[in-house]
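Asker: Quick note, the sequences are listed as chains A and B, same order.
In terms of the numbering used here, the first sequence opens at residue 1 and continues consecutively.
In terms of the numbering used here, the second sequence opens at residue 1 and continues consecutively.
If you're looking for bench data, these hints aren't it; they were derived computationally from the structure.
Just so it is clear, CB atoms sit at the ideal spot from N, CA and C, and this is done for glycine as well.
Worth double-checking, as some hints may not be accurate.
Here are the simulated DSSO-like cross-link-like pairs (lysine-lysine), alpha carbons at most 30 Å apart as the crow flies [claimed, not checked]:
| # | chain 1 | residue 1 | chain 2 | residue 2 |
| --- | --- | --- | --- | --- |
| 1 | A | K33 | B | K58 |
| 2 | A | K76 | A | K136 |
| 3 | A | K115 | A | K33 |
| 4 | A | K136 | A | K10 |
| 5 | B | K26 | A | K97 |
| 6 | A | K97 | B | K58 |
| 7 | B | K26 | A | K94 |
| 8 | A | K33 | A | K136 |
| 9 | A | K76 | A | K94 |
| 10 | A | K76 | A | K33 |
| 11 | A | K33 | A | K97 |
| 12 | B | K26 | B | K86 |
Okay, the calculated beta carbon distance ranges per label pair [stated by the list, open to error]:
| # | chain 1 | residue 1 | chain 2 | residue 2 | range |
| --- | --- | --- | --- | --- | --- |
| 13 | B | G16 | A | E80 | 39 to 47 Å |
| 14 | A | G27 | B | G16 | 24 to 32 Å |
| 15 | B | P56 | A | I92 | 36 to 44 Å |
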Amino acid sequence: MENDNIPYDKSHRIHPLVIACIVVNEGQEDDMKQIVFEHEVYATWTTRARGTSTSLFDEVTGGQLRKAVIFALMRKDTWEVVKRSIASRLNISKLSKGIAYCIPLTGIMSVSVYKMFSNVRFFEKPVESKKQKKIKIIGGKSK
Amino acid sequence: MSDISYEAIFCIVNLGFTDLVMTAAKAAGARGGTVLSARGTGNKEMEQFFGVKITPEKEIVMILVPTSIRDDVLHAVNESAGMSTKGQGIAFSVAVSDTIGLEQNETPAKAEEATKPTTK
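Working from the sequences, and respecting the hints, build out all of it.
Answerer: This is the structure:
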């Protein structure tokens, strides 16, 4: 089985992945996750965070300091769609303000993990080996 | 979406030293940041020596800054909360794309100056 020794990223088309980071006020995270879920992105992690106050008023009252950070792993082309929905959600009111950005991934562990995050549910035919440097997959075999 | 390119600065410091980081970063032109709680995994010798589990508590400060002031912010953070200080901080920056929610009018004055075309 010669094919087993060909790295997956050399024999298949690789979709670039990004990790999206969305920082919103506490309480807004469920809506943001809902937006992300609607685009079939299920790899999300949420954590509590604290904002550093930008005004004396916030510092004294303690308002707007509790934040939630959502990390979502998705394909770059999915992010292009998701970001529009997030941008419109952030503009609804002053309370729903927040920031979002994405960080491109340069490597990932194992083919199965890559397939899970890139939402590859169908069999993808191997392509001709050509120079593509989008993301490096460490481990796993071509199947 | 903004036209200015941004970078995210991640600064990992000991618990309680985020104020030092933010003060330095703000002086260098940053606006605000987000603080996450974290736990260090190094220093195993300390744990074995005392026979009790000591968890080094850390905090991660995420600061989104325009690329033009990234170096200034990193220098400032290194001076006030670097490895030679009590904060024992390490900081690095990663390029981010497609930033949403940052208003153009709210960019720091320093960044605006840096992006201004120079006229002679």
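Asker: Check whether the Cα positions of K33 of chain A and K58 of chain B lie no farther apart than 30 Å.
Answerer: Given pair K33 of chain A, K58 of chain B holds - Cα atoms ~27 Å apart, limit 30 Å.
Asker: Hinted pair, alpha-carbon criterion (30 Å max): K136 of chain A, K10 of chain A. Please report holds or violated.
Answerer: Holds. K136 of chain A to K10 of chain A sits at ~10 Å (cutoff 30 Å).
Asker: Is the hinted range of 39 to 47 Å satisfied by the C-beta distance from G16 of chain B to E80 of chain A?
Answerer: For E80 of chain A against G16 of chain B, whose Cβ atoms are near 40 Å apart, the range 39 to 47 Å holds.
Asker: Check whether the Cα positions of K76 of chain A and K136 of chain A lie no farther apart than 30 Å.
Answerer: Holds. K76 of chain A to K136 of chain A sits at ~15 Å (cutoff 30 Å).
Asker: Could you grab the alpha-carbon distance between K33 of chain A and K97 of chain A and see if it respects the 30 Å cut-off?
Answerer: Roughly 15 Å between the alpha carbons, so the hint for K33 of chain A and K97 of chain A holds.
Asker: Hey, K76 of chain A versus K33 of chain A, does the alpha-carbon distance stay inside 30 Å?
Answerer: Cα-Cα ~17 Å, so holds.
Asker: Cβ-Cβ distance between P56 of chain B and I92 of chain A: within 36 to 44 Å?
Answerer: Distance hint for P56 of chain B, I92 of chain A holds at roughly 40 Å.
Asker: Under the criterion that the straight-line Cα-Cα distance not exceed 30 Å, is the pair K26 of chain B, K94 of chain A satisfied?
Answerer: Since the Cα atoms of K26 of chain B and K94 of chain A sit roughly 23 Å apart, the hinted pair holds (cutoff 30 Å).
Asker: Check the hint pairing K26 of chain B with K97 of chain A against an upper bound of 30 Å on the C-alpha distance.
Answerer: holds, 21 Å
Asker: Quick one: are G27 of chain A and G16 of chain B within 24 to 32 Å, going by C-beta?
Answerer: holds, 27 Å
Asker: CA of K76 of chain A to CA of K94 of chain A, is that 30 Å or under?
Answerer: With Cα atoms ~28 Å apart, K76 of chain A and K94 of chain A stay inside 30 Å; holds.
Asker: Please work out if K115 of chain A and K33 of chain A have their alpha carbons no farther apart than 30 Å.
Answerer: holds, 21 Å
Figure legend: structure checked against the earlier numbered hints; every hint is met.
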